[in-house]
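Peer 1: Chain by chain, the residues:
2 protein chains.
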Amino acid sequence: MKQFSLILGLVLIISTTLSIAQESQVKEDFKPSLKNQPGKEYPQVNSQGYARFKVEAPQAQSVNVSLGLGGKGGTDLTKDEDGVWWGTTDGPMDEGFHYYHLTVDGGVFNDPGALNYYGSTRWESGIEIPAHDQDFYMLKNVPHGNVQQVLFPSPSTETSRRAFVYTPPGYEEDPTKRYPVLYLQHGWGEDETAWSNQGHANLIMDNLLSEGKTAPFIIVMTYGMTNEVKYGGLRDFKVDAFQTVLVDELIPYVDANFRTFSDQENRAMAGLSMGGMETHAITLNKPDVFSYYALLSGGIYTPEEIQDSSTPKLIFLSCGSKENPERVQSAVKALSEAGINAVSFVSEGTAHEFQTWRRSLYELAPLLFSK
Amino acid sequence: MKQFSLILGLVLIISTTLSIAQESQVKEDFKPSLKNQPGKEYPQVNSQGYARFKVEAPQAQSVNVSLGLGGKGGTDLTKDEDGVWWGTTDGPMDEGFHYYHLTVDGGVFNDPGALNYYGSTRWESGIEIPAHDQDFYMLKNVPHGNVQQVLFPSPSTETSRRAFVYTPPGYEEDPTKRYPVLYLQHGWGEDETAWSNQGHANLIMDNLLSEGKTAPFIIVMTYGMTNEVKYGGLRDFKVDAFQTVLVDELIPYVDANFRTFSDQENRAMAGLSMGGMETHAITLNKPDVFSYYALLSGGIYTPEEIQDSSTPKLIFLSCGSKENPERVQSAVKALSEAGINAVSFVSEGTAHEFQTWRRSLYELAPLLFSK
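Sequence lines, in order, name chains A and B. Take the first sequence: its letter number 152 is residue 152 in my numbering, and every next letter is one higher. Each position in the second sequence, counted from 1, maps to that position plus 371 in my numbering.
What the hints contain is simulated information worked out from the structure, not anything from laboratory work. Hints may contain errors.
[Said to hold, decoys possible] Which chain B residues face chain A? A few, computed with CB under 8 Å, are given here:
id, residue
1, Q408
2, P409
3, V426
4, A431
5, D476
6, F480
7, N487
8, W494
9, Q505
10, H515
11, N517
12, Q520
13, L522
From the three backbone atoms N, C-alpha and C, an ideal C-beta is built for every residue, glycine too.
Can you make the complete structure from the sequences, with help from the hints?
Peer 2: See the structure below:
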């Protein structure tokens with residue numbers, strides 16, 4: 001009996017020690033996510049990138065959060081005696097922005113604590129895991145450009161369509177100054193709000209400009225899923241409808257209503273994911289319209305696709321290190337060998353998510369419209 | 372037994388007839404609400420103003436929608452055999468926009484089918500009951516002004532603050548033209564997005580301008596709950612912090628960065644509900660700053676409060692017919708008798724909601740900055 005108790009004691013000590021060791025891995029320095037609704041305490045994130053959730057649903061049978069390490073079906077929350085559901089991800093999340101949702105008793109809802117962002121063709125909850133390099137997209141005490149909603153006439157789709165236009169700080173001050181333009185596209189399931197809301201494109205530009213790291217330019221962002229692409233149906237994607245809206249309707253509207261340089265040399269197009277697919281197709285279909293091409297996690301160009309190697313002043317290809325960086329890097333090597341000015345960028349430690357694309361824009365902007 | 376069967380039969384026939392009569396009152400011409408997320412079929416509304424909801428939550432025990440005729444705790448949904456919850460309001464809703472939310476097993480969530488609007492200090496679901504006069508705030512094929520986000524420096528609150536600025540169509544075309552400015556405030560629990568998103572202030576102006584019914588002017592909308600007013604704490608509301616932001620920080624920023632007329636004659640302030648309270652206080656505190664004052668469901672002015680009856684070029688007081696219209700009307704009578712130019716407007720069939728305020732802006736705009 002004594003021996004048995006001793007063994008039992010040892011087992012208890014060992015398992016308690018292991019359990020303490022495991023728990024102590026999660027640092028208790030959780031703070032509200034920067035993407036929370038005003039005044040909301042949860043969700044929270046800690047300095048390691050763990051996310052913690054709190055959901056009130058006292059009579060619910062199950063609450064799950066769609067975030068967590070891959071392949072495990074997210075994070076199941078557990079209910080405390082007050083009917084409040086709690087849970088922490090089973091590991092640190094990648095730096096940056098993530099979409100997520102709750103599943104409450106089999107129904108999909110957003111987290112009442114979080115702000116919503118348009119992704120997956122719906123408004124989803126968003127959470128921000130603080131990144132070591134987040135300074136470049138933070139709101140700082142620097143001169144700010146404006147982001148304005150324009151409603152432009154689109155005869156081809158028989159409606160007024162929405163675009164957002166970033167004008168750099170100082171745009172209103174000198175009514176004679178003109179600017180080059182970057183047309184910047186979102187990904188599948190997102191819309192024209194994505195690059196400002198999730199991407200902070202305006203803050204990235206404000207911060208770059210305040211440090212003199214980029215030339216000022218206008219950014220135009222519009223909805224790119226003109227022909228209602230279904231998920232998984234990207235192979236059947238036809239760019240024609242969107243190309244008409246962009247090239248024949250939006251660009252003339254922007255050139256008429258903003259102080260732009262309206263020549264090919266002063267026009268760039270970039271897109272993330274599906275927006276990269278659109279950029280690829282449209283820049284090749286319309287070599288006289290754009291002179292800077294950028295695909296962010298959005299495929300590659302081959303030298304054979306470029307009719308005249310002097311036409312693109314720059315081809316920029318990027319992706320996250322957790323995607324397929326070799327593809328981007330070898331494409332840039334091939335383009336360079338063919339005499340085309342090409343640059344690659346790989347975002348360290350990120351996947352097919354907005355942190356990759358924020359960093360890509362930060363790297364791309366200084367390369368655009370340089371003399 | 373025969374007699375009993377006969378009576379039972381009659382009862383069954385009568386109750387069935389009544390039930391059919393009642394059901395036939397609800398017209399089966401439901402269509403998706405105009406405030407749904409793209410492609411979402413539910414919630415729906417019919418031509419009478421009934422709203423119908425569909426929520427998927429197969430394992431839930433109860434699902435309630437916060438909308439319905441007053442005093443009945445909203446609408447309880449019922450689950451069908453596929454685990455889908457359905458329900459229709461117990462009567463027609465008032466015309467126009469309503470905030471709402473779901474309660475799923477005791478937890479408060481938004482309807483995954485609806486767009487979200489900031490109200491009650493959170494992003495809530497929104498639904499639109501088609502109004503007989505909705506044409507004036509619809510998106511039409513007319514020239515559109517722009518709504519732009521500006522981030523203005525606010526030393527008093529030690530941050531960059533956000534405002535939205537509506538510039539009328541043609542603003543970009545003539546760089547010498549200047550415009551008067553209306554400062555337009557939201558209500559308690561809302562923010563600077565409310566007047567564009569829920570109020571369609573930009574579309575109301577675009578439509579009025581296309582018919583030549585108003586002079587063009589700029590509208591500036593910023594966040595008015597600078598000092599974190601708690602619901603029910605409006606009696607303790609102090610306007611000082613917001614007045615500093617508005618008068619000492621935002622107005623100089625707007626006058627420096629937009630082509631405004633920056634004199635008192637060309638500046639108006641209006642606000643709904645709590646925004647009316649702010650308008651009342653700030654216009655009286657700063658008679659040299661604004662010359663048009665408008666309170667939308669936001670109280671009244673008394674003749675005694677107006678130091679110089681020639682100072683306000685116009686006082687506009689409005690509310691819904693389901694609020695307290697006599698108060699607004701008698702206040703305007705008293706102001707008029709005191710020699711002050713005052714106008715009242717009562718929105719028929721509406722309460723303390725955005726349809727009242729959309730109509731108020733539509734009535735107010737043509738009265739502003741008229742020669």
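Peer 1: Please go over all the hints and tell whether each is borne out by the structure.
Peer 2: The hints, checked one at a time:
1. Q408: holds (6 Å)
2. P409: holds (7 Å)
3. V426: Holds, because the Cβ-Cβ distance from V426/B to chain A comes to roughly 6 Å (cut-off 8 Å).
4. A431: holds (4 Å)
5. D476: holds (4 Å)
6. F480: holds (4 Å)
7. N487: holds (6 Å)
8. W494: Status holds, d = 6 Å.
9. Q505: violated (17 Å)
10. H515: At about 4 Å, which falls below the 8 Å cut-off, the nearest Cβ of chain A leaves the hint on H515/B intact, so it holds.
11. N517: holds (5 Å)
12. Q520: holds (5 Å)
13. L522: The hint holds - L522/B has a Cβ within 8 Å of chain A, the shortest such distance being about 4 Å.
When each numbered hint is compared with the structure, a violation occurs for hint 9 only.
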